[in-house]
Amino acid sequence: MTRAHPETLGRLSPDGRWGGAVTRRALPPSDEALALAPAVRARLASIWMSQAATEARVARSFQMVHESLTRLDVDPALAALAARAVDDEHRHAALCEDLAGRYAGGPCGPHAALPHTPPAHPGASPRLRDALFVVGQCALNETFASAYLGAAYQGARTPIARAALRELLEDEIDHSRLGWAYLDRAPADLKRELSDWLVPVTICNLREWRKIALPDDDALAAHGVPPHEVAHAALSEALGGLLLPGFAHVGLDTRALERWIRQGAPVPELGPELAERAS
Amino acid sequence: MFRSLVISSALLLGPTACQVSHERVPPDPPPPPDPDGGLDDAGFAPSDAGTHPVDAGRGRASDAGAPDAGPPPDAGAPDPRACEPGWPTTKAFFCTTFDEDRVLCCNSTDEPEDCCLQEQP
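Same order as they appear, the protein sequences are chains A and B. For the first sequence, the residue numbers in my numbering are 4 to 282. For the second sequence, the residue numbers in my numbering are 21 to 141.
Chain A with its partners taken away, still in its complex shape (with noise of 0.2 Å):
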């Protein structure tokens, strides 16, 4: 029995990738969660519930890489993918409302509605911008959500923080697939548009991320959490090790982006003025 709201869990689809079920698999019973002290459980069913607001708010952007893919031309097997990705996203959400009614004791959704604020590209013409939106949502986006699931994933004990884990990770992993799949098959001259915006469009969504708060200690660690420290770790690895080579193994020019990375990645503050004129 899912502690999901209503209102979240009406936003799955039946043709969704299991049915219309929330998880792939049924989930274990989480009675260690009652154990906890009182303020573990808050401090649990508060990250769980924010992260379902998270999980729906991606929902809207793989609505745009839908459209994107659409636009572009591409298999109609992959738009089909970007088109599941969203229906994968409310269920994401409803599987982190559920976790978080577990902690909490009791339903305590629906989870917030976030504003959401995709990367605008200007500059880039309609196609590129369409083709950035892959870049940026599947193989930056999703590779560095891998990256950080990975990580909670292995310092997670509880059965029940595994196995949410994993039903994300599973997902997450195919979602970044999407985006490698694309730029596998994308025409030479995009490829060669692209390769000139990797530096930035890598900073912008590893700036995304460096933004994640997390505990400083492992004491959370065992529930999903990771440490601050260990997660940031995970993401400078997912960088270098998978990106960076993902980038070249499907065709991309990705020297600057090696220099960058050589240099510390570093990923500079958004000041008001440049992002009024960004945007």
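Worth flagging that the hints you see were computed from the coordinates, not collected in a lab. Just so you know, even glycine gets a beta-carbon here, dropped at the ideal spot from N, CA and C. Take these hints with a grain of salt, some might be off.
Examples of chain A residues toward chain B, derived with CB under 10 Å [to be verified]:
1. Thr120
2. Ser128
3. Gln140
4. Ile215
Some chain A residues near chain B, calculated using beta-carbon distances under 10 Å [stated by the list, open to error]:
5. Val77
6. Leu117
7. His119
8. Gln157
9. Leu245
Anything over 10 Å on all C-beta distances counts as not near chain B; from chain A, calculated [claimed, not checked]:
10. Thr5
11. Arg20
12. Ala29
13. Pro31
14. Glu70
15. Thr73
16. Ala80
17. Pro122
18. Gly139
19. Leu152
20. Arg210
21. Lys214
22. Asp219
Knowing the structure of chain A, use the given hints to seat chain B on it.
The following block gives chain B in isolation, referenced to the frame of chain A:
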């Protein structure tokens, strides 16, 4: 006293404002002679491979061009392309505050006064 998990946007960001070098990918060097006239892994080659060295094979650009092969960065010149939001993440913990025995679930990031206080058992 409430403690907050709201993210500080400045966390881990460098001290400088968004002033990054507008480093363009350098022009590709001429492709080396290919006596075989083809790719060592033809199965990977995209349909339009060969029209540009970048697309001429797996890892071609990175492998062929040394990291320092390009011109020096145009230091100090801002690149507005890096100065906008990235795609929202699924793991950023916005808009949630907690107390010893309470969970605060917000409906908006900018109106915390409208948050709904969840009593814990």
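Checked hints:
Restraint check, Thr120 (chain A) versus chain B: the minimum CB separation of about 5 Å is within 10 Å; hint holds. Hint on Ser128 (chain A) is violated. Least Cβ distance to chain B is approximately 13 Å, over the 10 Å limit. Interface hint at Gln140 (chain A): satisfied, since its Cβ lies 5 Å from the closest Cβ of chain B, which is below the 10 Å cut-off. Against a cut-off of 10 Å between C-beta atoms, the interface hint on Ile215 (chain A) holds, since the closest Cβ of chain B lies about 5 Å away.
Evaluation of the Val77 (chain A) hint against chain B yields a violated restraint, the C-beta minimum of about 13 Å exceeding 10 Å. The closest approach between the C-beta of Leu117 (chain A) and any C-beta of chain B is roughly 6 Å, which is under the 10 Å cut-off, so the hint is satisfied. Nearest Cβ of chain B to the Cβ of His119 (chain A): about 6 Å, under the 10 Å cut. The hint holds. Checking Gln157 (chain A) against chain B: minimum C-beta separation of about 15 Å lies over 10 Å; hint violated.
Interface hint at Leu245 (chain A): violated, since its Cβ lies 14 Å from the closest Cβ of chain B, which is beyond the 10 Å cut-off. Distance check for Thr5 (chain A) against chain B: the nearest CB is about 17 Å away, which clears 10 Å, and the non-interface claim stands. With 10 Å as the threshold on Cβ separation, the claim that Arg20 (chain A) sits away from chain B holds: the shortest Cβ distance comes to roughly 16 Å. Listed as outside the interface, Ala29 (chain A) is consistent with that label: its C-beta sits roughly 23 Å from the nearest C-beta of chain B, beyond the 10 Å cut-off.
Distance to chain B confirms Pro31 (chain A) as a non-interface residue, since its nearest Cβ pair spans about 21 Å, more than 10 Å. Residue-level check passed: Glu70 (chain A) sits 14 Å from the nearest beta carbon of chain B, beyond 10 Å. With a minimum CB-CB distance of about 18 Å to chain B, Thr73 (chain A) clears the 10 Å threshold, and the non-interface call stands. Non-interface call for Ala80 (chain A) relative to chain B: holds, since the shortest CB-CB distance, roughly 17 Å, exceeds 10 Å.
Some Cβ of chain B comes within 10 Å of the Cβ of Pro122 (chain A); the nearest lies about 5 Å off, and the non-interface call is violated. Its closest Cβ contact with chain B, about 5 Å, brings Gly139 (chain A) to no more than 10 Å, contrary to its assignment away from the interface. Its closest Cβ contact with chain B, about 8 Å, brings Leu152 (chain A) to no more than 10 Å, contrary to its assignment away from the interface. Here Arg210 (chain A) does not stay apart from chain B, with its beta-carbon only about 6 Å from theirs, under the 10 Å limit.
The Cβ of Lys214 (chain A) does not lie farther than 10 Å from every Cβ of chain B; its closest approach is about 5 Å, which violates its non-interface assignment. No Cβ of chain B comes within 10 Å of the Cβ of Asp219 (chain A); the nearest lies about 12 Å off, and the non-interface call holds.
Hints 2, 5, 8, 9, 17, 18, 19, 20 and 21, counting from the list given before, are not met by this structure.
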